[in-house]
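Chains as they are written, first to last, in the working numbering: chain A, 1 to 207; chain B, 1 to 229.
No lab work stands behind these hints, which were simulated from the structure alone.
Just so it is clear, CB atoms sit at the ideal spot from N, CA and C, and this is done for glycine as well.
Misleading hints may appear alongside valid ones.
When the alpha-carbon atoms are kept at most 30 Å apart in a straight line, the in silico DSS-like pairs for lysine-lysine are as follows [as the list claims (entries may be wrong)]:
1. B:65 <-> B:91
2. B:65 <-> A:174
3. B:119 <-> B:91
4. A:174 <-> B:119
5. B:4 <-> B:120
6. B:119 <-> B:43
7. B:120 <-> B:91
8. B:51 <-> B:90
9. A:174 <-> B:4
Computed Cβ-Cβ distance ranges for the label pairs, DEER-style [said to hold, decoys possible]:
10. B:110 <-> A:26: 49 to 57 Å
11. A:175 <-> B:62: 27 to 35 Å
12. B:138 <-> A:175: 20 to 28 Å
13. B:104 <-> A:64: 33 to 41 Å
14. A:29 <-> B:83: 52 to 60 Å
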Amino acid sequence: MFHTTFYVRRLHSLCGLLILGFFILEHIGTNSMALAGPAFFNGVMGMVEEIPKPIFYSIEIGMYAVPFLFHGLYGIYIALQANNNPLRFGYLRNWNFTLQRWTAWFLVVFLIWHIGYLRIYLKGVLGNPISFELLQNMFSNPIVAILYVLGMWAAIFHFCNGITTFCMTWGITKGPRAQNVISLISMGLCAALCLATVAFMSSYYIY
Amino acid sequence: MAEKVRFIIERQDGPNDKPYNQEFDVDYRPGLNVVAALMEIQKNPVTVDGKRVAPVTWECNCLEKVCGACMMVINGRARQACCALVDEIKKPIHLAPARTFPVIRDLLIDRSVMFESLKKIQGWVELDGSWDVKDAPIQNPYTAQTAYEISHCMTCGCCLEACPNVGPQSDFIGPAPTVFSIFTRSENLTRPNVLTRLWKRAALPVAATVKIASKFAPNLSSLQLTSRS
């Protein structure tokens, strides 16, 4: 008997941590280039543009679109199975469990907006390359900037808490002590990445 | 006049009736617990408004935290009423049935779903006859310790009430029957297909959930439920 749920959940966990996790780190890395100024950032963006289109599109579809859709759609199914009760049972892991789902809901909406506007509309339909000036113009609206920071924070928390749950799901951290250590490390990483987000977002107001 | 303790009880006349609240005052005495207070209310079921009402229905048995029958929601948390000391909890004391389970009447709930789950996972030890002790397989201390902890589980249902993944929206059977499948799987009670059966039924969600419940299970505080799930 093939136990679908078991394997689909493992795939969900693996795809979230490795592929989407890499994607978040890549985003933070690339966007941090904005700290070095518009010229440097546009140079990095230009390097991305130089990747041959067939390879670029294969990566976008195979590495991003498909895993995103799978993780998102199956994630919605998982989120709908929980009846969150952090106010009644306010343990740390219960809060993280709830926040994992709340950040996920926010990200579903945020990513539809983010990918739909920047990647599909501006870059795909209008053919505008993503540049420092374009982002600076977009973030000149403080509401957009705040929503983007919140989107990044949600994604970072979801990813970092995902590290903790990945280690549980895959049996890497078996006992409570190991789980607490990983939880502390991943929350430390979460704080660091959140601060990095604020730093690179502020560069659009500095330059 | 003795000091009074106020109880706000969520009552329900039948399985399909609407719940409503009623308030009762009980004379304070040292060492009073929720079960003893409910017994006082049963003797004299008069609300604070002086109205005589039907006595509150609830369930209890051992009165020493080993049977699990008196599990109810006390001040928002699922726990055993027999060890809920009035001195130690916030007043007025709110009592409600654990609504993860079907409510029969007042605080009395139908927990048979857990026993159905234990049947599904074959959560029992097969002892068809008796054997000499000398040939018993040797169990390592960690497994023995784990099995001993799990054997404390009294199927009270606290963990199902607390677990966010248990409910009509999900087919997760809940932490207690899940952990029992680990117990019956421990080395000398090998029944290899028990956990695979669980997977087949899509009954085990993320380990994180079980971890939450393990913190909450009244008698299983030191158990690492995530370790085998």
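The hints, checked one at a time:
1. For the hint linking residue 65 (chain B) to residue 91 (chain B), the alpha-carbon distance of about 22 Å falls within 30 Å, and the restraint holds.
2. Using a Cα cut-off of 30 Å, the hinted pair residue 65 (chain B) and residue 174 (chain A) holds, with the two alpha carbons roughly 29 Å apart.
3. Proposed proximity of residue 119 (chain B) and residue 91 (chain B) is contradicted: the alpha carbons are some 40 Å apart, above 30 Å.
4. Between the alpha carbons of residue 174 (chain A) and residue 119 (chain B) the distance comes to roughly 28 Å, so the proposed pair stays at or under 30 Å and holds.
5. Our distance criterion of 30 Å between C-alpha atoms is broken by residue 4 (chain B) and residue 120 (chain B), whose separation comes to about 47 Å.
6. Between residue 119 (chain B) and residue 43 (chain B) the alpha-carbon distance is near 38 Å, which puts this suggested pair outside the 30 Å criterion.
7. Restraint check for residue 120 (chain B) and residue 91 (chain B): the C-alpha separation of about 41 Å exceeds 30 Å, so the hint is violated.
8. Restraint check: the Cα-Cα separation between residue 51 (chain B) and residue 90 (chain B) comes to about 25 Å, which is no more than 30 Å; the hinted pair holds.
9. Taken as a hint, the residue 174 (chain A) and residue 4 (chain B) pair is broken in the structure, with Cα atoms around 48 Å apart against an allowance of 30 Å.
10. Distance hint check: the CB atoms of residue 110 (chain B) and residue 26 (chain A) are about 52 Å apart, consistent with the given range 49 to 57 Å.
11. Our hint of 27 to 35 Å for residue 175 (chain A) and residue 62 (chain B) holds, since their Cβ atoms are close to 32 Å apart.
12. At roughly 23 Å, the beta carbons of residue 138 (chain B) and residue 175 (chain A) sit within the given window of 20 to 28 Å.
13. For residue 104 (chain B) paired with residue 64 (chain A), a C-beta distance near 52 Å fails the hint of 33 to 41 Å.
14. Taking the beta carbon of each, residue 29 (chain A) and residue 83 (chain B) are about 54 Å apart, inside 52 to 60 Å as hinted.
The structure is inconsistent with the numbered hints 3, 5, 6, 7, 9, 13, although it conforms to all the rest.
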